[in-house]
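Protein chains: 2
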Amino acid sequence: MSNAAQLYDQHRDTLEAALKAVRTRDHWSPFRESPSARLHGEEAPRLGKARYEAQLGKPFDLDQPGTIGTVGAEVSPYTRKALGITYPKSDPAALFAASRKAMAGWMKASPAERAGVVTEMLFAMEKNAFENAHATMHTAGQGYVMAFSGSGANALDRGLEALVYALKALDDVPDSARWTKRFLEPEPVRLEKRYVRVPLGPAVVVCCATFPLWNAYPAMTANLMTGNPVIVKPHPTGVLPVAMAVRTCREVLERAGYDPNLVLLAADEPADQITIKLLEQPDCRIVDYTGSQRFGTWIENNCPGRLVFTETAGCNSVVFHSAKDFGKAIHTVARAMTAFAAQMCTAPQNVYLPRTGVLTPEGVVPYEEAAEALVAALDAISGDNKLGPAIAAAVQADTTIANVEAMTRRGEAEGRVLRYSTPVSNPDFPEARTASPVLIECDAANEDFYGEERFGPVSFVIPVESAQEGVKRATATARTQGAIASYLYSTDEDFIEAAEPDYLAAGASVSINIDRGMPMNFMGAYSDYHVTGLNPAGNASLTDLAFVAPRFRVVQTRRPA
Amino acid sequence: MSNAAQLYDQHRDTLEAALKAVRTRDHWSPFRESPSARLHGEEAPRLGKARYEAQLGKPFDLDQPGTIGTVGAEVSPYTRKALGITYPKSDPAALFAASRKAMAGWMKASPAERAGVVTEMLFAMEKNAFENAHATMHTAGQGYVMAFSGSGANALDRGLEALVYALKALDDVPDSARWTKRFLEPEPVRLEKRYVRVPLGPAVVVCCATFPLWNAYPAMTANLMTGNPVIVKPHPTGVLPVAMAVRTCREVLERAGYDPNLVLLAADEPADQITIKLLEQPDCRIVDYTGSQRFGTWIENNCPGRLVFTETAGCNSVVFHSAKDFGKAIHTVARAMTAFAAQMCTAPQNVYLPRTGVLTPEGVVPYEEAAEALVAALDAISGDNKLGPAIAAAVQADTTIANVEAMTRRGEAEGRVLRYSTPVSNPDFPEARTASPVLIECDAANEDFYGEERFGPVSFVIPVESAQEGVKRATATARTQGAIASYLYSTDEDFIEAAEPDYLAAGASVSINIDRGMPMNFMGAYSDYHVTGLNPAGNASLTDLAFVAPRFRVVQTRRPA
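Each protein sequence line maps, in turn, to chains A and B. The first sequence begins at 3 in the numbering used here and counts up one residue at a time. The second sequence begins at 3 in the numbering used here and counts up one residue at a time.
Just chain A, same shape as in the assembly (with noise of 0.2 Å):
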């Protein structure tokens, strides 16, 4: 039995519950979320944090083909100290040529084979969680807890889940047929035939700088599934949670008995990008992208004959009709905004209010009411001494505080500040680069202004006619500019119902009266469609058939039995 044979037989069990999970969709995991010393006792959390420190100011230890210099100009945007750590600098086409080679032994693998192999890789990934956490902060800025399931858990779930489904679409083509048909003459003609699932060819997954893995690892497993070889491009600011992926995939490859270059690190520098170079190469089969909409629409616009996957950034809604615990749902709201200063892709931008205000059981809470209330509800968790800095993280980007400062001006010109951004102090960090969300109040009829995705902790209300004119103008934004996530609260199921069709004619899937217990803009691995493809925010969905069942192909043979 080969190594790769008895790594799935160690996976199957895991395999299969996660198979069984993308049908139920219940929530499911065979990852730890918490970095609760509960889990993983004293020592591993020392551990992992020790390990971190120890790559600092050092040449980051990967040997792969094609190295011509190093880079690395990572800042941590809570010490704002440059990590000092270089990668190996690569030539494009030397990658792409050892991606090639790498690729015929890997076809050879059976679909189990891969399987058994690429699901070592996440849980060996796994085992860096602690390490890769404050890899995660001190490149993307995001805050620990965060950083250890959104670049650990919550992500290889992800993983799991794309390879589930790169296994349902390579299971779906059967080996082998015998075929028997009466043409003209008696006797029967009778072929066998055989199928085989070619990949097209080399991947190349972007990643982005606020979430390095959590798109990466799904795009890895679906290409490593269906026999296409991966070169990963980080974002230039957030190499180090890549290149320990990478790094760890090599070894467990090696180990299998692959060819390591299966998983490539493209490194780069913010001054001397490589993406379209590296887009350009002629054996560049398959993108998988996520960051800017601008760059990911461009990307889309000029790869022909690549399969072009991506997920970029849209402007999220919220629409008020009427809530059953205002205060609550206004809480969960301002939570959102607030939480990784909102640079996540499911944050919430604009709020629709309506003029007449939200219906509760208590009565109505008027427009001017429940803006206050958004502001206080703001003010508490970013004013939470404790919280506070754990909820609002780190700002990746000085460009991201400089918007926050342009879009604090325009409101100051075109709207109303309801609320400024001010830094939110962390004591474990003094030097963290911190906002919390300016809130402005921006007339409905300035689409200009609030009807696209303003980066990062800038947040609007829009006060509107009637909670109907909410949804109308959040679906119609939603269409044109794009939506990951959008949010509505109403008690009113007509209402709900009515709301319904606007929301599906936009491609936007939409979260109704979540008001506690979870941030509501949480993506389950396994059981939430995340991006639907069907607006500008992205043209594909993390995870489904459409996902993966491109990547690969049938090539046959047939002949007489």
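Hints were generated in silico from the structure; no laboratory data involved. Where a beta carbon is used, it is the ideal one built from N, C-alpha and C, also for glycine. There could be a bad hint or two in this list.
To be verified - Subject to a maximum C-alpha distance of 25 Å in a straight line, what follows is the list of computed DSS-like cross-link-like pairs (lysine-lysine):
id : chain 1 : residue 1 : chain 2 : residue 2
1  : B       : K129      : B       : K51
2  : A       : K22       : B       : K83
3  : A       : K183      : B       : K51
4  : B       : K474      : A       : K103
5  : B       : K388      : B       : K51
6  : B       : K103      : A       : K474
7  : A       : K474      : B       : K51
8  : A       : K60       : A       : K22
9  : A       : K103      : A       : K91
As the list claims (entries may be wrong) - Covered stretches of chain A (chain B as the covering partner; in silico rule of three or more C-beta atoms under 8 Å from a C-beta of chain B):
id : stretch
10 : 170 to 182
11 : 188 to 195
12 : 522 to 532
Place chain B on chain A using the hints.
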């Protein structure tokens, strides 16, 4: 129970059998492939012909929105006379507006309801099989028997195949789920989730001149099943079979209670073609194209934001290494070269013959003798007064005859013409435009000449030093110029095994040692993956999950349970 649900019940056994067929991939069909009067009675063939003739010289009866005039310029390749039928000339924007409007009600139909209606369309179209055979003959130029099956049962089978693949992809998405997860609070969060399968939007299906319905049916059923309305754009020289199909689909939709504008015709004339105008409509979301490689590649590269599926054309090869029965093998190749004047996408063009000859149980057939055997076989087929015209059928376009002449002149200059193209006289249609293959011996180094598709009855014999060289050259051409079907003759298992990686790397499916009992280029629905999508002969396979899954996406709602 809705009409659609009743239709599903009525067709349930057929659908289940089709789902089984695409799994086992053995031969199966619910349609009648043969026009024999023993199956259909004496009346049906006569009636079909009379119905076809009754349409000549009249406006085609099709009532659809957006009509701004009439078009119609079809000329029979058999009689060389204008059919004189006129069709609605449509305003593209009006077609898309009607499509979009029709989509709303269809979106609400369940996958089973859609399957009921779309299966009913296929059986309704089968009822026109005789009339359609004459319509196909007198537009595409196919022979009667091929027209009956290739625009009839064989095409309907492919429609049903795509239908059940779409059903699989739709059924992979559950309607709803219950999700329970504990976050920080002791009480777990419970969400109810609903998953709505949302179609991408209006699709344009562009049909080709020589097989008007063979790829059209699967594209139509794939789109309709996934909720997308279809605007069918026939080739201007072959409108009638497509118009008949559109009319039948509209009748079935109307009877089932749906908006008939889910299926619309967009006819044009050779001098004023509207394909690009259709694809440029802002609401065009999907393109299914069959036709020339040049236009197909243009569409692949110039339709950003549209989902594009193409089947174009390739440079199909035959490599001879050795043969159990060389005479039968060469006859099989000659027949495939002659059939329908090599206007099928699977027709062989380039025959690689080793200079050292072809090994057979009776000894080596020397190169010259092998080439002569091919000439003799071609002569025998096209010279057979009865079979010849039935097999060779008619040449669709004057430009194809011009191409045969141009290639012949070039062959005289650059190679050696082993056999000249001749008319294949047809007693039933003395005016028919016919041609048997020209066979040109061409130096292997002269790839400029033989190394691309030369449409129509143009074939090459290419002497090679060895069969290995033949495989290398054939697969190199497939990789760079595309191939839809490749053929290999060898009795040596080691040779076949060694050749396989080259075919896989070229994305070229290969038929091995087919020498009797069937046309070697027959493609069986439910069994053969037609076109790999891995070389320039097209980017899609008809049919796999990749052909259907991206045509819809999931929009979800979630709320506390």
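Going through the numbered hints above, which ones does this structure break? Give me the numbers in ascending order.
2, 3, 7, 8
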